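Construct all of the structure, not just a fragment, from the sequences and the given hints.
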Amino acid sequence: MSRSTSKNPRGKAAAQRSAAQRNQDRGVFAVVVMVSLFILGLWFLASAETFPYAVIGCIAAILGFFNFYTLKVIRGQKLAIWQKPFARLPLRFAGFGGRGMKPLEAARGEQAAMMAFYITLAVSVALLVLATLLMLQFAD
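Counting in this note's numbering, the sequence shown runs from 65 upward without gaps.
Worth flagging that the hints you see were computed from the coordinates, not collected in a lab. A quick note: this is a predicted structure, and the numbers were derived from the prediction, not measured.
Below are the SDA-like pairs computed for lysine to any residue, each with C-alpha atoms no more than 20 angstroms apart in a straight line:
#1 K136 x L153
#2 K142 x E174
#3 K136 x R172
#4 K148 x Y182
#5 K142 x G162
#6 K136 x Q175
Structure (structure tokens):
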């Protein structure tokens, strides 16, 4: 038995999968940011007057991804690989989807997962209201 597997029964492969999962999550978030910036850049070039509304819409869409896919996991529906990071981030606060935590599939119908969803939903609404108020404050 090698030294790495004697300390950890799951072995070195599980640690590598966990690191790959973190990198995959970062990759998905990086793609979302790049696509959002591209869309916002095109929007700004086309119509600078309505650009703040596009920013609010982009923020709403990204926050909607987090809420929608978290709710799908709680209902027990399967997610594609690129959708899992959006559900994994809010559910980590409830103890699901992270290293050393329960898998995402275990969040189905759990009270802690539902509470994490409600908190994420409330934070999303608060961020949208704050962004809208800031937009109205600085729009002349």
